[in-house]
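Novice: Going down the list, the sequences are from chains Y and H.
First residue of the first sequence? That's 1 in our numbering, and the numbers climb one at a time after it.
First residue of the second sequence? That's 1 in our numbering, and the numbers climb one at a time after it.
Note that these hints are calculated values from the structure, not bench results.
Predicted model, so just to flag it, every value in this text is computed and none were measured.
Possibly wrong hints are sitting among the right ones.
[Said to hold, decoys possible] Taking lysine to any residue and the SDA-like style, the derived pairs with C-alpha atoms no more than 25 Å apart in a straight line are:
| # | chain 1 | residue 1 | chain 2 | residue 2 |
| --- | --- | --- | --- | --- |
| 1 | H | K267 | Y | D271 |
| 2 | Y | K138 | H | D118 |
| 3 | Y | K17 | H | D118 |
| 4 | H | K138 | Y | Y46 |
[As the list claims (entries may be wrong)] Here are the computed distance ranges between Cβ atoms for each label pair:
| # | chain 1 | residue 1 | chain 2 | residue 2 | range |
| --- | --- | --- | --- | --- | --- |
| 5 | H | Y133 | Y | R102 | 26 to 36 Å |
| 6 | Y | L327 | H | D113 | 38 to 48 Å |
| 7 | H | G180 | Y | Q322 | 55 to 65 Å |
| 8 | Y | S13 | H | D118 | 42 to 52 Å |
C-beta: ideal position from N, C-alpha, C; glycine also.
There are 2 protein chains.
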Amino acid sequence: MRVRLEDVARAASVSPKTVSRVLNDEANVTDATRQRVRAAMEAMDYRPHPSARSLAGNRSFLVAMLYDNNDNPASTYLAEIQDGVLEACDAHRYSMMVRPLRMRGDDFIRRFDALISDHHPDGVVLTPPITDYAPLLKRLRESNVPYASVSPQRRGKTIGVTMDEQRAARAIVEHLLELGHRRIAHVIGIADHGASRWRLAGYREAMAAAGLPEDPALVVQGAFTFGSGVEAARKLFALAKRPTAVFAANDDMATGVMWAAGEYGLKVPHDLSVCGFDDTPLSRQLWPALTTIQQPSREMGKIAAEQLLGALRGHGAGQLVQVPFVLQIRGSTAAVP
Amino acid sequence: MRVRLEDVARAASVSPKTVSRVLNDEANVTDATRQRVRAAMEAMDYRPHPSARSLAGNRSFLVAMLYDNNDNPASTYLAEIQDGVLEACDAHRYSMMVRPLRMRGDDFIRRFDALISDHHPDGVVLTPPITDYAPLLKRLRESNVPYASVSPQRRGKTIGVTMDEQRAARAIVEHLLELGHRRIAHVIGIADHGASRWRLAGYREAMAAAGLPEDPALVVQGAFTFGSGVEAARKLFALAKRPTAVFAANDDMATGVMWAAGEYGLKVPHDLSVCGFDDTPLSRQLWPALTTIQQPSREMGKIAAEQLLGALRGHGAGQLVQVPFVLQIRGSTAAVP
DNA sequence: AAGCAAATTGACAGCGCTGTCATTTATGCC
DNA sequence: GGCATAAATGACAGCGCTGTCAATTTGCTT
Numbered sequence: 001m002r003v004r005l006e007d008v009a010r011a012a013s014v015s016p017k018t019v020s021r022v023l024n025d026e027a028n029v030t031d032a033t034r035q036r037v038r039a040a041m042e043a044m045d046y047r048p049h050p051s052a053r054s055l056a057g058n059r060s061f062l063v064a065m066l067y068d069n070n071d072n073p074a075s076t077y078l079a080e081i082q083d084g085v086l087e088a089c090d091a092h093r094y095s096m097m098v099r100p101l102r103m104r105g106d107d108f109i110r111r112f113d114a115l116i117s118d119h120h121p122d123g124v125v126l127t128p129p130i131t132d133y134a135p136l137l138k139r140l141r142e143s144n145v146p147y148a149s150v151s152p153q154r155r156g157k158t159i160g161v162t163m164d165e166q167r168a169a170r171a172i173v174e175h176l177l178e179l180g181h182r183r184i185a186h187v188i189g190i191a192d193h194g195a196s197r198w199r200l201a202g203y204r205e206a207m208a209a210a211g212l213p214e215d216p217a218l219v220v221q222g223a224f225t226f227g228s229g230v231e232a233a234r235k236l237f238a239l240a241k242r243p244t245a246v247f248a249a250n251d252d253m254a255t256g257v258m259w260a261a262g263e264y265g266l267k268v269p270h271d272l273s274v275c276g277f278d279d280t281p282l283s284r285q286l287w288p289a290l291t292t293i294q295q296p297s298r299e300m301g302k303i304a305a306e307q308l309l310g311a312l313r314g315h316g317a318g319q320l321v322q323v324p325f326v327l328q329i330r331g332s333t334a335a336v337p
Numbered sequence: 001m002r003v004r005l006e007d008v009a010r011a012a013s014v015s016p017k018t019v020s021r022v023l024n025d026e027a028n029v030t031d032a033t034r035q036r037v038r039a040a041m042e043a044m045d046y047r048p049h050p051s052a053r054s055l056a057g058n059r060s061f062l063v064a065m066l067y068d069n070n071d072n073p074a075s076t077y078l079a080e081i082q083d084g085v086l087e088a089c090d091a092h093r094y095s096m097m098v099r100p101l102r103m104r105g106d107d108f109i110r111r112f113d114a115l116i117s118d119h120h121p122d123g124v125v126l127t128p129p130i131t132d133y134a135p136l137l138k139r140l141r142e143s144n145v146p147y148a149s150v151s152p153q154r155r156g157k158t159i160g161v162t163m164d165e166q167r168a169a170r171a172i173v174e175h176l177l178e179l180g181h182r183r184i185a186h187v188i189g190i191a192d193h194g195a196s197r198w199r200l201a202g203y204r205e206a207m208a209a210a211g212l213p214e215d216p217a218l219v220v221q222g223a224f225t226f227g228s229g230v231e232a233a234r235k236l237f238a239l240a241k242r243p244t245a246v247f248a249a250n251d252d253m254a255t256g257v258m259w260a261a262g263e264y265g266l267k268v269p270h271d272l273s274v275c276g277f278d279d280t281p282l283s284r285q286l287w288p289a290l291t292t293i294q295q296p297s298r299e300m301g302k303i304a305a306e307q308l309l310g311a312l313r314g315h316g317a318g319q320l321v322q323v324p325f326v327l328q329i330r331g332s333t334a335a336v337p
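Sequences and hints are given; from them, build the entire structure.
Specialist: As structure tokens, then:
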């Protein structure tokens, strides 16, 4: 039947407890013994029973990834983060579960508690936008559940991963400025998301640094969707003094802007430069391909999970790691006519 | 601390075993006892410990959803199925784990075995395109792991959920025929996917039924991506006798076709009707919005999981349920000029 | 009311592992 | 070499639940 820890112990002529120690990388085992046990495990293709480990050791080897897909239409983004988290969990022999957790609704805390007491995750990975939902963070700390965040707004003692989105946004606007653009518009994302704030701040910073006063008409509200990009662009194109370039806070909206440009007979990039943020697969498939910021989502999921797992295993407290961005210059931006 | 089964037993003045019976909906408990135990559980907010249940009962209350995202660029589709599977699992108090399982690579079987022996799922949900990967199906049967499939190609004794994609494809082509189109092109999806075959078959069926001989130049290969849609469309538009309508095998490719139409100065739907398949969020955001087939992906995930769980709990063998499609007629299709 | 089968309930061991603590073995020092 | 100390190993109980099977109660028959 199934190979148990006891069988390995017998094969290696040690006690079950010693095998357990090797399994869990505990100290106080001689190298010779450790190797012998490892060899026996290998030879017998031993697989510890997760439930038995969990029951006896009072931990679950489970990481839960929480998301709110209701407020985040970019399923590609979440899927990539999920992939990265999963990779890290696999490497550390943890299992992962994904849980949608809609913030709306007042039974939010109850649902969260049920999740914890039903599944007993050892830790939790938070994804935008719930990285900054105060009641959730409060409850996590109260229940003493370790967590790591992907792109949290509030830093502080939070562990996880971030990208300097403000600097990235500034870089992409500087790219437009170098091309000679002066009337540069910005389409904002969903109002209270951290991503929207940083990208707007980066835009403002670059414009100010270039000595350009902000023109309120050139900054329009969007909602991270293709449709909101189209609508925002229509407003911009209706202006007496049209912008020569548009920086949209994500690729979906940028695609909407390009679409609307087609409606208005504006050729991209000849009549209008457009750039986005995220480097979604779509951005490469468009023609012309979109100038954008590559955000290593998969890598970020992986790093967040690694920080969490490191903290769980007691390897220090875990960091808030910052990953670099890449400015992807493609065909959708060109010098001003 | 934690409320255990034993505590509930004491509160209800019965033996632990009886509480266990109530918990698992077993027979041979009087209604009076059952109610008393249920009341005690409720009052104490009892949550069974999944690991203990799993260890003692030799089952995991775990469903694994397998996918191969390498060959399936439509992350929205998978995310929706995942949501549906999760909903069903939650309702039955099962937990769910998602696992990418790339079919390429000869260590495929080893990776699958590791998955099973590491996590012991009680059952597995298969998503396209791995629903039809013969070595996987063989191994699943050998290892006696119950499974349900979403849109399997081969029916037979398989349980799960399907949609009559061929009839849906036929319906959408008939819609084009009714609008007066005769030169109707088709962009095929990835060659060996069931979805591609059915949609092509539906196209042919409709054309044949209308007495139109197949023109090989009007049937071009794509790969389910936006880019492949653009390229396919360029080939079609280069023909001496251009099609007046294009039916692409999914929305991403249809969007590519619309994009290419813009390049060629063709107005949709005035000069060209375009339709897709899947009803992705994108299809509604385009202008004009895309005529397409609505496939209830979330619902399908839920149904597949329910069939699996039903079979696991011994409520009959489980069925292959067929769900209806909806032809979504939007602005991208119009009468032939 | 006794007698019997069927339904209901309970006692107890054990699932596979780890925590605690006792015991054995190695190491350093004078 | 002898002793104190530290490192390595092992014995054993028990995590919270369910399977097995025995004990008890119930319902029905005669």
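Novice: Run every hint past the structure and note whether it holds.
Specialist: Hint-by-hint comparison with the structure:
no.: 1; hint: K267/H to D271/Y; verdict: holds (20 Å)
no.: 2; hint: K138/Y to D118/H; verdict: violated (34 Å)
no.: 3; hint: K17/Y to D118/H; verdict: holds (21 Å)
no.: 4; hint: K138/H to Y46/Y; verdict: holds (24 Å)
no.: 5; hint: Y133/H to R102/Y: 26 to 36 Å; verdict: holds (34 Å)
no.: 6; hint: L327/Y to D113/H: 38 to 48 Å; verdict: holds (44 Å)
no.: 7; hint: G180/H to Q322/Y: 55 to 65 Å; verdict: holds (59 Å)
no.: 8; hint: S13/Y to D118/H: 42 to 52 Å; verdict: violated (27 Å)
Violated hints for the displayed structure, listed by number in ascending order: 2 and 8.
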